[in-house]
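A.B. asks: One letter stands for each residue in the lines below.
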Amino acid sequence: MVNPLYLIIISLMAGFVLPLLDRVNRKLSLATFIGVLLANTVITGFWMHGFIQADLGTLSFSTAGFTAPLSINFQLGILEAFVLLAINLIGLLTGIYLLKKFNESPLAGMILFIMVVMGANGLILTRDLFNAFVFMEILSISTIAIITLKRTNESLSSGFKYMLASGIASIFFLLGVVFIYFFSGSLNLDFININFTDYRLIAVYMVAIALLIELKMFPVNGWALDVYESTDAGVATIISVINSTAIAFMFYKIMPLLPSNFLYIFGIIGALTYLMSNLMGLKQENARRLLGYSSIGQMGLLLASIIFTAGLEPVLRIMIVGGFFLNHLIAKTGLFWISGLIKKEKLKDWRVIRSNKSLMIMFGIFIFALSGFPPFAGFWAKWEFVKSLLAGQNILIIALILLGSLFEVIYMFRWFIQTVKGEYKEDELSIMPSGKVILTTLLGTLGFGLGILIMKNYYGFNFLFTLPILSLLFIYLIDFLPAKIKGIMSLGGLAYYGYYLYTLVQFENPIQILFGVIFLVGSGVNLISTLNRSEISKGFYGLLMMMIFSFGSLLIARSYLEFFLSWELMTIASFLLILRGKNAQKASLMYMIFSIAGAYLMMVGFGFAPELIGSSALITGLTYVQLPLISIILLALGFMIKSGVLGVHVWLPEAHAEAEADVSSFISAILLKAGIWGFLLVAISVVWNAPQFDVYYWMGWLGVFTALVGAFLASFQEDAKRLLAYSSMSQVGYIIAAISMLSHLGWVSAFYLSLNHMMFKSALFIAIAGVYYRTHTRNMYEMGGLIKKMPLSFISVLISIIAVSGVPPLSGFGSKWLMYSSFIERGWYLQAAVLFFASAVSFLYLYRLIHTIFLGQAKYEHKDVKEAPVWFIIPQYIFIGAIMVLSTFPNLLIKPLSAMASQYFNSNIVIDGYNVYSSYGHWNGNLIMLVTMGVFIVPLFFLILFIGKITKVKQFNIVYAAERPESPQTTHVAHNMYAHYRKALGGWGKPRIWDFWHGSAEWAHTMGDFFRRIYSGNGQTYLLHIILFFVVVFFLGV
Amino acid sequence: MINKLLIIIGIIGMLLILLPILVNFQSPTNLSALAEEYVRGSVNDLKSPNVVTSVVVTYRGLDTLGEVTVLFLATLGVGFLLENKKNKSTQRTVSENIRTTSSFLVSLIMVLGIYIFTHGHLSPGGGFQGGVVIASGFLLLILSDLDFKISHAILRFVESISGLVYVLIGLIGLVLTIGFLNPAILPLGKYGDLFSAGAIPLIYSLIGLKVGSELTNIIATMGSDRSSESVVKEER
Amino acid sequence: MNSLIIIGLGVIMIAAAIFTIYQKSIVSAIISAGVISLLASVIYLILGSPDVAMTEASIGSALTTVVFLYALNRMRKEKKDDK
Amino acid sequence: MIETLILGFILLLIGLYAMLSQKNIIKIILGFSIADTGVHIIIVSLGYLKGRRAPILDSAVDIANSVKEVVDPIPSALVLTAIVIGLATTALMLVFAAELHKRKASFSIDDYKELKW
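Protein chains in written order, with the numbering used here: chain C, 1 to 1038; chain G, 1 to 236; chain Z, 1 to 83; chain Y, 1 to 117.
To be clear, the hints were calculated from the coordinates, so they are not data collected in a lab.
No residue lacks a Cβ here, since even glycine has one placed at the ideal position from N, Cα and C.
Treat the hints with care, as some may be off.
Said to hold, decoys possible - Within a straight-line C-alpha distance of at most 30 Å, the following computed DSS-like cross-link-like pairs (lysine-lysine) qualify:
{"id": "1", "chain 1": "G", "residue 1": "Lys4", "chain 2": "Z", "residue 2": "Lys24"}
{"id": "2", "chain 1": "G", "residue 1": "Lys4", "chain 2": "Y", "residue 2": "Lys113"}
{"id": "3", "chain 1": "C", "residue 1": "Lys344", "chain 2": "Y", "residue 2": "Lys116"}
{"id": "4", "chain 1": "C", "residue 1": "Lys343", "chain 2": "C", "residue 2": "Lys100"}
{"id": "5", "chain 1": "C", "residue 1": "Lys344", "chain 2": "C", "residue 2": "Lys150"}
Stated by the list, open to error - Over the 10 Å line for every Cβ pair with chain C, so calculated as not near, a few chain Y residues:
{"id": "6", "residue": "Asp62"}
{"id": "7", "residue": "Lys68"}
{"id": "8", "residue": "Ala105"}
To be verified - Computed footprint of chain G on chain Y; a stretch qualifies when at least three of its residues, placed anywhere within it, have a C-beta under 8 Å from a C-beta of chain G:
{"id": "9", "stretch": "4–10"}
{"id": "10", "stretch": "17–23"}
{"id": "11", "stretch": "42–56"}
{"id": "12", "stretch": "87–93"}
Here chain C stands alone, though its shape is the one from the complex:
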């Protein structure tokens, strides 16, 4: 093992010799510069290799020929090797990144850079406190000096502020160290063996506070933000990554000296820093400063994780802290580098990044990594961290961290969406230096690879769970192929995957097969509609297959983590799919925010849940696990967000409406079912173990009102896709209510409706997609009379809406009938009444859908409209066919569904077709069906009899009275069709929930803006913050 002193020696010698070399030749000094950084990296790499090869424990290297307490010693263990390798690698890469800049600047820049790295290395290695002080001074002085590499008023004044703050911090540190010596008689961390209680406390407190200041904790970090904003991108990188890491490591080293109550407070400060800096980041418009806020937040998170993982076993601790660290390291380095390439201050000006494809992808990777999505290291770290915090009952910390994380996701994705979708002008295009782009790409790939490595090696995930990611990568490689080829390949792949999954689960649980049909067969049929894409459709199929494969993974997930991983992958894929829509900026952001909020609820919910034993799928495993109430509520809430239940539904209409036409059907028909699947899993644990009927009673009501409100909202839409979206929400409400009944019949009807809804909603969305494809409008009042132009679409819509509304003889009748039967059997009469009313309301929107689009007056501009393309017709008719078959032979479906539900309920109910027999008597569905059919058939005969007397009018034969109005469509009955009902609803018609979420967002931004005012920009105010922080935290702790 190379003596770590060589790291210091090489850097120092280079530092001293460079001024001489530079007189000879600049090239020579540049080579030396890179050589030193490379040597550092290679040496640390060898260490890491050595420690991985053999368990060497921790090695101690002393100086001056004397052993530790007498002389200063360095300690090298696997932890040190890991951190050193990471920062030296970033040092090397950033050195290369800055090479051109250094070539143009005075030599001092290079030397200072080497010294920053050396200071960090020394700080990490040394075990002597005073030596740490010296290295900290080396680190901060060289950092401050190198800030002025970019010479502006701003960088100078921020450097001065930094200088003042670190001056005070070093006074604290020095005093603390000397007091530690005075009290304990040693300066060496390994030989300090007294407790720092009562008046001795101040010694370690001073050292700790100094480190917190240098770590830029809230609120003593105003200067750091200024530095991040004003200095060169490469320098910001090393401050954010190398400098901060070294200090955090130093904090880790002194942790054993700190009393536990202070550690707890420091941990809260860390979590608070994460929350506050992300909250304040919300209002930020300057990209560099935003990255500064994010950096500081990440350091807070790192500190909190270092402190709160103290009791864990080392490997897990490395997973968490190391995960956060690597994530921050790579993502932040990448983002800072990109900021140096873009050279734009304003967030919205970053759209020029679109001129460079690979840079844009890297930007996305860094954003996703930073937001804690799989497969990046941050995801695993966050998962394990929340779990371990829950085990330690640290609810407050979890709340702070997850809230902070949510804010981070909001501004990061707002930025991402703005960047990816923003229009840019050709003249804004800037040519990016390709070397730096390659470097950035390398870094992004490294981050991605590391994540995969953790996934494969630490968790040992099955190939199936990596399939979503692999398929994305694979299709990205063949993305140059035409859409049709990719589509057919996807279809083939999906068919095989479906078959494989079937062989895997066929004996486990039939419910898996039901949802397998919904997820995979449904996706497969829906996929056909995408074959209509004539262009290459870059990226589309990769994301689509990623989403579909994640659905499959959800089915077979055996542990919470597998489930959550697949869930998050599904979120990524669906988010990006929605984002592909033309005006989907707002919709996709809302989708992302709600998804993340839901995911965090789930994460905590899973954390509270007892561990699963065994290796069967969750649906089996959960049967034997009793979920605590808190878990049930959090998980159910999380899943309901994805299903768009009332209150958290606001993302749903936006996302459905703005997604591309053929994507909407996937979202509505299948993605919403993923939420239902999760909701069902929770319910399964509940049914078997301890019925929490109270909760489910209220969830039932929630479902009922979702159904009602969804139906009303659907009736008031002008946009056909929005109408269908709200209709989906309404139908999901039925399903949720039915599952919440926790009864045999209820579940049968829930299963029935889930499958049914998948089919008719797919058919409807695809039909509307066809209409949109031809008419280029989604506003229904701009259409009309399309029955003649698009008869096939008309028929499929007609049959679908009959299926939705529950009019016999189609399958919809079955689901409605079973539903009401179950409600009555369960004794939920009031709920049944409300649902019945909701069904009546749903006639309103269904009528509107078919009437305004297909019936009535045709519009002149649609006179040349043709039938929808065949690729849209095929899937519709597959679904219609299936509906018909199931309608004709109800037992085909109902029997197996009943069998599925009877796994969980000891029911004496027997279902045969639409007839339900129970001990109370029996409901004769067939009779009801006949009666209802009669009700419809009589007027039909009446119509047929008198049809001959109707005068036929050509569709375009219309005479306008007087003048043509400005916007003629809006005078049509189809526009604002149910205005009178809306009026009748009075105050209930107001979008209260929308206002609530809007208000919350507004409030968060106002708070962020309020708090960031403490960063007055005055260096002296920052000093005051430091002193007050010192005093207040001390008295809080004592």
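Chain C is fixed; fit chains G, Z and Y onto it per the hints.
C.D. replies: Below, chains G, Z and Y alone, put in the same frame as chain C:
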């Protein structure tokens, strides 16, 4: 006003936090175990009468190397920030008497500086103090002799070479596997002699040279004038 | 005896520190801060640390003061240049 | 020695007060310098043992019994380092101040808050 109040609160708070240390302060009656070892070791192992020097140069030699580096960084930073373009002479004149006297004084000061850092292991003082004395000699030269121009090149050369040799001496110890910066690479000699205590006098001399040149560099850089043209140019 | 000297010195040093803060003339403030360092070196001598005393006298009081004055000089000169 | 310890603390607090209350950047740096001096005095006071002499073991000291005669050398060694570092910090601060002043011709720290929030 609130600001003033907060400052007062902050300072009083600091006072309250520090007060317990004063209240509980007991002057120790014995050296700490570590200090005792240093005192003994300085005599027995290093043959250096000045224990502080032993600690600074040998036991905590890495600190001292770091300290020299900090000064080096400060020099770099000062030069980096000020980036002198050219010197502009001022209209001050200095009498011939002062010039002669000062050049005589300077030579004395230099000798003193060298004495201080070569005797660091025997008497109070050492590389830092000696270095400062040398720097003050140069300061006197700069003040008295307007035509005197310190060659930055020479300064940098001295600085670099002394630093380099300092690290190399440490390295020799490491290569000989007796420890980085171990002064025993040279014979320890007789207790109390000028050439004793191994490499301590050598190291301290190198430190003296390095510190002297660095400080001179700082003073020279800060003292030199900036041409007003460059200011105007940058503001445009 | 030592205590008396130290208290005497200490009073002067504190007075000098306060003088440094409230003195309008920056040059005087710098000089009086230098005086604090110089007196501190006397204290170090009394405390049995001649090495520190030498360092403080040469670096803390002399050199620091010179650096301060040079910096001030620089600023003043630039002001003149501006006018 | 308690007297010098108190003196050190007072100087430290006066220095900090100066850093917080003075608007002139030179005075802020002077405040730092005073606080630094205070810290150095505190450190040396901690190493002092009553009635003992400097840790220079020349002929005046009984070498065999030296550990009973000299003050603690470690704080002295630390302060030596700290003083030099203090000088480096002060010099760099002053250069920053000079460069700032060059650009805005103002001594007041209130004039250097371009970046905020």
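A.B. asks: Can you confirm whether the C-alpha distance between Lys4/G and Lys24/Z stays at or below 30 Å?
C.D. replies: Satisfied, since the Cα-Cα distance of roughly 19 Å is no more than 30 Å.
A.B. asks: Using Cβ atoms and 10 Å as the threshold, tell me whether Asp62/Y really stays out of contact range of chain C.
C.D. replies: 23 Å, holds
A.B. asks: For the pair supplied as a hint, Lys4/G and Lys113/Y, confirm whether the alpha-carbon distance does not exceed 30 Å.
C.D. replies: 19 Å, holds
A.B. asks: Are the Cα positions of Lys344/C and Lys116/Y separated by 30 Å at most?
C.D. replies: 18 Å, holds
A.B. asks: Holds or violated: is the Cβ of Ala105/Y farther than 10 Å from all Cβ atoms of chain C?
C.D. replies: Since the minimum Cβ distance to chain C is about 12 Å, Ala105/Y lies beyond 10 Å and the statement holds.
A.B. asks: State whether the coverage of the stretch 87–93 of chain Y by chain G holds or is violated, taking the criterion as 3 or more residues with Cβ-Cβ distances under 8 Å.
C.D. replies: Holds, because 5 residues of the stretch 87–93 of chain Y bring their Cβ atoms closer than 8 Å to Cβ atoms of chain G.
A.B. asks: Count the residues of the stretch 17–23 of chain Y whose Cβ falls closer than 8 Å to any Cβ of chain G, and tell me whether that reaches three.
C.D. replies: It holds: at least three residues are needed, and the stretch 17–23 of chain Y offers 3 whose Cβ sits within less than 8 Å of chain G.
A.B. asks: Counting residues of the stretch 42–56 of chain Y whose CB is closer than 8 Å to a CB in chain G, do you get three or more?
C.D. replies: holds (count 6)
A.B. asks: Counting residues of the stretch 4–10 of chain Y whose CB is closer than 8 Å to a CB in chain G, do you get three or more?
C.D. replies: holds (count 3)
A.B. asks: So is Lys68/Y really clear of chain C, every C-beta pair being over 10 Å apart?
C.D. replies: 17 Å, holds
A.B. asks: Lys344/C and Lys150/C were given as a pair; does the straight-line alpha-carbon distance stay at or below 30 Å?
C.D. replies: Status holds; Cα separation ~15 Å.
A.B. asks: Are the Cα atoms of Lys343/C and Lys100/C separated by 30 Å or less?
C.D. replies: 16 Å, holds
Every hint from the earlier list agrees with this structure, and none is contradicted.
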